[in-house]
Amino acid sequence: MKQAPELLEALSRGDLPGAAAVLQPWLDRHGPEALQQWQHWLAPLVEARLQPLLVPLLQQRAVSHGDPHAEAVANALRLTLSQAAVDRVIATPGGQYLIVGWQQSWSQPWVVVLTGSGQWLACHGTAPPLRRPDVSQHLGLPTCGDAGLLVRVPVAAGDTIARLWLQGQEAAPTVLDACDCPYPLLVDTLLQACQLEHTPIERLPELLHHALAPVLLRACEPLRPTALWPSLIERRLQLGQRHPDAAVTVVVPLYGRWDVVLGQIASFQIDPAFSRGLARLLYVVDDPSIASAFGRWCSAQWAESALDITVVMVDQNRGFGMACNIGVATASSDLVLLLNSDVFALQPGWLERLLAHHASTPDALLAPLLVDDEGLIQHAGMRAEARLDNPALPACIHPGKGQQAALWPQLAAPSSVEALSGAALLFQRQRWLALGGFEPVFGTGDFEDLELSLRWRRAGLPLLLASDVRLLHLEGQSLARQGLLAQWRTAANAWWARKLCPELQVLP
Amino acid sequence: MKILYVSHGHPQLNCGGGEWAAWRLFEHFGPESCGFLAAAPASGALPPGCEVKELAPRQWLIKPSTSAVMHDTAVNLNRNGQLHAALAQHNFALIHLHHYLHVGLDLVFALRRWFPQAPLVLTLHDYWGPCAYEGRLLRRDGQLCDGPRPAACDQCLGGNQRTELAIRQARLQQLKGCIDHWIAPSYFLKRQYLKWGVDPRRLSVIDNLPPTFAAAAPPSASAATDEPGIDVFVVAYCGQINRWKGIDLIVEGFLLAQQHHPEMQLQIHGGWPAAGTGDALIEALRQKLKSLPAQLVQCCGTYQPGELPQRLQAVDVVVMGSRWYENAPMIINEAHRYGRPVLAPDLGGMAEKIKHDITGWLFKPGDINSLAKALIKAAKNGKCLRTNNTAKSISLNAINKQAKCHKQHKAFYDKLLSLTQYHDIRFSQLARDS
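For the record, the sequence lines run as chains A and B. Counted from 1, the first sequence has number 142 at position 142 by the numbering used here; the numbering is strictly sequential. Counted from 1, the second sequence has number 109 at position 109 by the numbering used here; the numbering is strictly sequential.
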């Protein structure tokens with residue numbers, strides 16, 4: 001059986017077309033005889049645990065040639081493999097598929113795919129296992145806790161999966177088509193596929209590296225061109241008085257609860273800077289579930305406002321960073337002030353001071369000092385440190401947080417800081433767009449401000465804090481920060497920050 | 001004078017003091033030209049699809065606010081909405097708000113837009129500015145509160161309300177910039193609102209307009225009993241029956257005092273909440289009263305303001321027991337008008353409406369012994385109280401105050417309307433303690 005080494009070699013490479021090219025002619029010539037002696041020539045393949053790759057080829061031959069021997073050998077080979085099953089397949093943008101399943105005994109699993117266009121594809125799952133107590137219970141094997149698996153299968157764009165084998169077991173799983181789902185929802189879907197209720201979060205970096213990150217990068221790739229951003233707006237309301245010559249556009253992304261806007265707008269309405277036309281307001285509604293109610297409320301409340309207010313509804317939830325990007329791209333003034341919806345003015349005059357500071361350093365990314373409702377510092381600059389529970393990941397540290405803001409020095413000029421919170425940022429619009437804005441891969445939000453800060457600094461531009469301009473920040477009102485999924489999101493974004501920022505590769 | 005009065009309720013549907021204060025001004029300054037806009041007692045009080053109901057010419061009910069923390073307005077405030085259509089034609093020259101509760105802050109902001117020439121006046125009826133929890137400056141645990149703090153207010157509201165509190169605070173700051181002049185019916189309330197941040201130049205003290213009193217003074221209490229030699233002394237509580245009014249304290253204090261003065265009787269005039277409404281304190285009080293002899297404590301039921309003179313005929317003193325800083329309880333004015341002294345806690349607006357030992361007695365708030373001592377003192381002076389001179393003196397003072405209150409409001413309105421540039425600081429010229 002001189003074909004065995006070539007077959008072994010091709011299968012070892014995961015080269016199924018190569019393996020098929022060796023196997024098929026040989027079987028055509030010696031099929032019945034060879035298959036009757038299969039134990040002999042397949043021994044090295046079994047030893048190399050490559051049966052999961054051979055079974056699909058044999059099965060395919062059984063179908064295409066009506067070859068009962070091929071079917072018999074395939075069945076026999078399957079008996080040498082442990083039990084495995086595919087729970088579901090998640091189809092994501094750009095032909096990236098994620099196979100979610102389990103196997104009885106852990107080894108790096110092989111997934112074999114025959115695509116709609118007839119291409120063979122073998123993918124070796126290198127991601128760490130997932131905890132599956134349900135499988136363990138089902139099989140009656142208490143030690144089989146790490147039975148879950150996640151394998152990424154990239155097929156060519158436009159192609160599909162026609163047939164699928166996991167560890168030699170053919171599966172006809174449910175396909176969850178997530179190709180058109182909003183990016184933050186895709187992130188959540190993939191994180192939930194990691195069995196986050198059971199799998200230790202410490203495995204997330206490896207899961208991202210081996211399976212999830214390429215899928216997410218591919219999914220957010222279309223969101224990168226800045227010219228595309230305004231086209232993601234579905235509806236637009238123009239309310240109140242027009243102030244076309246406003247120096248700055250205040251861009252406020254909205255997600256989840258929007259009643260905070262009542263407080264924010266109230267704090268702006270008593271500020272003459274807004275009614276005088278120094279600033280325009282642009283609310284970016286990044287949540288279709290609130291768009292209708294918020295739109296109705298705005299129309300009823302703001303139609304006669306002395307403020308210049310634009311409300312844009314994004315076509316689907318795009319995540320905090322992208323909502324900001326869309327707002328910045330839509331603004332028409334030279335300067336943009338990004339504000340969270342839960343940032344309120346404490347007293348009039350703050351905007352003029354902030355703009356004056358920026359005028360002295362126009363290239364800066366400039367932030368005010370943020371305080372909480374008890375007058376304690378919430379944000380006075382930011383820096384990254386290693387997480388205590390997972391030193392490989394960065395954590396955002398806010399120096400001075402929790403201290404009395406009244407005791408914090410109010411410097412006449414802005415001071416340099418290592419990084420800035422995305423809750424309130426003033427910058428030149430064109431500078432932001434040239435740098436590419438917030439990185440879209442961060443999805444729901446968190447760490448995109450750290451990454452942008454470091455990118456801004458890498459470009460040789462200053463990061464400044466205006467400690468004499470103080471705003472109230474209620475912090476995180478639209479984000480569900482509690483719960484397991486939120487923890488996984490945060491950890492995933494911390495991983496992205498580290499991956500994208502060389503400065504974070506070695507953390508203090 | 002075309003004034004739009006805005007109240008948190010209509011006295012036909014809500015019997016609170018604030019509603020009556022607004023209504024009396026409306027009646028006094030001309031229902032033929034003024035308007036009265038009030039929140040309905042509940043959303044269901046208006047027919048489906050109806051945001052504004054015209055109760056009578058120039059009297060409107062609107063859907064009430066959905067949040068007592070945010071004070072939102074539940075009606076469409078567009079110029080094509082029902083409310084604007086109802087109000088716009090009247091060209092009101094002045095808008096006198098008696099609350100933003102239930103009608104909502106957005107309505108106040110809308111009125112500012114719709115009637116830009118009309119000064120906005122707000123009479124404060126309680127402490128909703130500094131107190132997001134029931135507006136009484138009384139904590140959830142029953143302790144008196146010295147002012148708002150986010151963590152403490154959040155605790156009173158049940159937790160997880162810090163955001164709502166901050167939104168509320170921002171909206172109230174906007175209200176501060178929107179109101180041209182504030183009226184406090186008591187000095188105590190004024191002090192609380194100054195502490196809260198109202199511009200002192202825009203805050204005056206003017207008492208609420210009392211009801212139009214019956215012309216004749218009712219018979220004195222000595223006429224209540226025909227039996228010679230029996231010195232019955234009747235103490236009455238008149239008003240709403242709820243946990244904040246301290247009726248349980250009154251009963252306990254009364255029972256203590258009654259041991260020293262066996263002929264003392266207590267009457268409770270006012271409507272009880274429906275049984276089983278969940279207030280343990282009120283339920284306990286109800287049970288307690290059932291256990292007492294009927295001739296000792298009588299529950300006399302609810303009454304309309306016009307019935308008060310008749311109710312007070314057999315009463316020697318009126319007693320209050322409130323646990324919170326009442327602002328300007330009308331019952332004190334009413335009792336005085338009919339020559340009845342008032343016993344009240346030395347607290348909030350109550351303390352400044354009573355001249356101790358002259359028009360009544362003040363006792364230590366929440367202290368049953370102090371209340372009992374005050375009752376005993378009142379009973380000992382019973383004969384004196386019943387002399388026509390004392391009653392007349394108290395009554396005359398009250399009548400004078402009523403006339404003064406009418407004049408003060410009229411003068412205030414006139415001055416306000418004479419200032420064309422009402423946004424100007426000249427409004428501070430109005431600020432005075434009446």
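Do not rely on the hints blindly, as some may be mistaken.
[Claimed, not checked] Quick list of simulated restraints, FRET-style, between CB atoms:
| # | chain 1 | residue 1 | chain 2 | residue 2 | range |
| --- | --- | --- | --- | --- | --- |
| 1 | A | A386 | B | A151 | 30 to 38 angstroms |
| 2 | A | R224 | B | G278 | 53 to 61 angstroms |
| 3 | B | C50 | A | T189 | 56 to 64 angstroms |
| 4 | B | L194 | A | T361 | 37 to 45 angstroms |
| 5 | A | T143 | B | G278 | 41 to 49 angstroms |
| 6 | B | L194 | A | R387 | 47 to 55 angstroms |
Keep in mind the hints are simulated off the structure, nothing from the lab. All residues carry an ideal CB built from backbone N, CA and C; glycine is no exception.
Margin query: Tell me the hint numbers this structure goes against, listed in increasing order.
Written below: 3, 5
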